[in-house]
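There are 2 protein chains.
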Amino acid sequence: MKVEEVVEEALKLVLPEEGEIRMGKEAEEELRRRLDSLEVEYVFVGSYARNTWLKGSLEIDVFLLFPEDMPKEELREKGLEIGKAVLDSYEIRYAEHPYVHGVVKGVEVDVVPCYKLKDPRNIKSAVDRTPFHHKWLENRIKGKENEVRLLKGFLKANGIYGAEYKVRGFSGYLCELLIVFYGSFLETVKNARKWTRRTVIDVAKGEVRKGEEFFVVDPVDEKRNVAANLSIDNLARFVHLSRAFLENPSLGFFKPKPKKGVEPERLRKIIEERGTAVFAVKFRRPDIVEDNLYPQLERASRKIFEFLERENFMPIRYTFKAAEKFCYLLFECQVKEISRVFRRMGPQFEDEKNVKKFLSKRREFAPFIEGGRWWAFEMRKFTTPEEGVKFYVSGHWHTLGKNVGESIKEYFEVVSGEDLLKEPVIAEICEMMGVKG
Amino acid sequence: MKVEEVVEEALKLVLPEEGEIRMGKEAEEELRRRLDSLEVEYVFVGSYARNTWLKGSLEIDVFLLFPEDMPKEELREKGLEIGKAVLDSYEIRYAEHPYVHGVVKGVEVDVVPCYKLKDPRNIKSAVDRTPFHHKWLENRIKGKENEVRLLKGFLKANGIYGAEYKVRGFSGYLCELLIVFYGSFLETVKNARKWTRRTVIDVAKGEVRKGEEFFVVDPVDEKRNVAANLSIDNLARFVHLSRAFLENPSLGFFKPKPKKGVEPERLRKIIEERGTAVFAVKFRRPDIVEDNLYPQLERASRKIFEFLERENFMPIRYTFKAAEKFCYLLFECQVKEISRVFRRMGPQFEDEKNVKKFLSKRREFAPFIEGGRWWAFEMRKFTTPEEGVKFYVSGHWHTLGKNVGESIKEYFEVVSGEDLLKEPVIAEICEMMGVKG
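Top to bottom, those sequences are chains U and H.
In terms of our numbering, the first sequence is residues 4 to 440.
In terms of our numbering, the second sequence is residues 4 to 440.
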């Protein structure tokens, strides 16, 4: 199929249907009525306001604009008060500051208080920047709304849409800037094939240059990298997907692939074939938001991975899973068992004082000289990666992230073998090991 | 016991007895008669000539002095002819040049042809230097002969006497220079406690300084390091022995410790406890002199050790044994088994051409992106160190030393487990593992 035809077809997957659009319209009108009855300045921003939301992701963002000299505390209170007043149902959510999330006529709505500023350089918090983003994009994106949707759909189907920590992908704002810059979805992916980890896209200046990192300059604040939360690996995935799509265009690139694993018994056999140690650190899921939880899971996994490297269990990869009640840090190691004995480095032979100290320790086997220094045989405290991780995690829970550490301090288990295959981690293990569907 | 008393006692272990001295004397007189009857200039050199030979190590060295302008070929022929003529029985031996080794009245004798030179800077081969060494030492060592014997006895009992490759220890000439320099055995060991790998002992200038390596300047040729063949580890052992001896003087330092192992069944249990892989590469002993064989065994062992490191079997130590019919290269590894799967590094994501090539290979598991580059799961050809070594040695025999390589090409086996304990390598394994007697 020709790429233009694929893109044409893909539109059906990303454009909201009649009903969804009408629902948005009705909710918007109702919301405006309610807001107008209160004495408050507001602005509709985000993908709803610019008609760039992805099919099935309708959400209305309303920003309340308060005068610059209002104290933070008052802004917060008034914001929450108005939010509660205009929503059918609501809850308080927390980003940098609290805001109100709720529903109007069946449509999800965020009501966010911010300052009304003249100059984006005076912003006090990230939300103050949003009205400027909207202002900058509003007219520039006109006529290209569906190109934004194509890009979002392409990214989402491949798991790299969203700047939140769980994803570390492309934000909606970043998608719109790319469409403004390149003009269309197709031009974006065509150009992305040549992006590098040093590409700088300066949207305001209309130029691409080389820099220190992948950097999309915010037209509203040239110091800010709109792609700051995009991981290098997700950048790499997008570049690769762009090449693959253009070489072999197909609608599949716009369809999410359900992350399904294999049968437990099949996975057991695969692990046996690979000859590795596969196991999980299991603990109770801390009751915190995902943007707080995921960095901690990442950190904890990395710390344990580094421990496994130091202890020569030769870990291959790690991953993690936050299930409903438990979290799992997952590892695969190339060494299932290491010897009890190892060699400990001692001082150079000239260093009489330290040689004496080194040799004074009682040992089962005689120390020896090699390469001009002393060495001794000593015994490991653990000989399997599972034992090692138990040992490490017990003594180092405090370094595994605040809430994750505290949860692990209360309770953890190292799960492997048949037991591991009973936990809801099969899909994650399959992905970690590159098991083909 | 006080150190002086120990040294006094030790004399009995190192001084030749009446009978040995008489035997030497009688052989010397007979030899001189025979030499005098031929028209040849000669000189008695070495430990017999200087009365510094170690008890039980009587051997007479006679150097035949030929004019500087005699062609090498003629010198060689005349040397062999005379050697044969003056010895009761003989064999031709090969160092840098051939010489005659034999027996006179039951005493071992070397007859070595060399050039008679005015200046040691004109020497054509190492043997030409020996008469100069003798001339330099002759009078300087007078009265200190037994100090030399004490030092030699101390070194020999601890396995570091002799400059030959099998030992890489202290030559007899080096021992005599040290005694000339420090005055006595006791002063030598007292000073040796502070030697470093950068100590330079300039015997002719009577000074110690710091240099690039342990260097004992030959008084006969200041460019030459008399300790060139002393390994850093044997230097370290001597320094350590000197400290230990002076701290706790005992006659034991002068008594060789028989290198005995333990019972095979005990060794089997020790290896099991240590949890390591212990195995040998066994092959037919090449029919070459030790000074040629040992460097090759060393090289072959090192090459295989480096292979085991590269392949992550985490070798601890190696050793080797040249038995009568077979040679053994011995290894102990911390990893008995490694996984079948490993991760192979691929190109950075930007490098489109190589990414394509990397991904075009058929693989059981899906490649992945990490840290901005591609990686793939691949399968190892071997998962145990024994299998690995078989694989390596089969393909790389040519890099394992000329004669050792050729022998391995003809036949080798990797021996481990119960089979290994039937081979004559128990003592070597015990020493490698620091098994205490």
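Everything labelled a hint here was simulated from the structure, so no lab data went into it.
Hints may be right or wrong, so weigh each one.
A pair counts as met if it fits within one copy or between any two copies, since identical chains are not told apart.
As the list claims (entries may be wrong) - In silico DMTMM-like pairs for lysine to aspartate or glutamate, Cα to Cα no more than 25 Å straight-line:
| hint | residue 1 | residue 2 |
| --- | --- | --- |
| 1 | K339 | E421 |
| 2 | K87 | D205 |
| 3 | K272 | E340 |
| 4 | K260 | E367 |
| 5 | K58 | E76 |
| 6 | K119 | D64 |
| 7 | K339 | E312 |
Each hint tested on the structure:
{"no.": "1", "hint": "K339 to E421", "in the structure": "both (16 Å within a copy, 24 Å between copies)"}
{"no.": "2", "hint": "K87 to D205", "in the structure": "neither (39 Å within a copy, 93 Å between copies)"}
{"no.": "3", "hint": "K272 to E340", "in the structure": "both (19 Å within a copy, 18 Å between copies)"}
{"no.": "4", "hint": "K260 to E367", "in the structure": "between (57 Å within a copy, 20 Å between copies)"}
{"no.": "5", "hint": "K58 to E76", "in the structure": "neither (37 Å within a copy, 98 Å between copies)"}
{"no.": "6", "hint": "K119 to D64", "in the structure": "within (16 Å within a copy, 104 Å between copies)"}
{"no.": "7", "hint": "K339 to E312", "in the structure": "both (13 Å within a copy, 18 Å between copies)"}
The structure fails to meet hints 2 and 5 from the earlier list, while all remaining hints are met.
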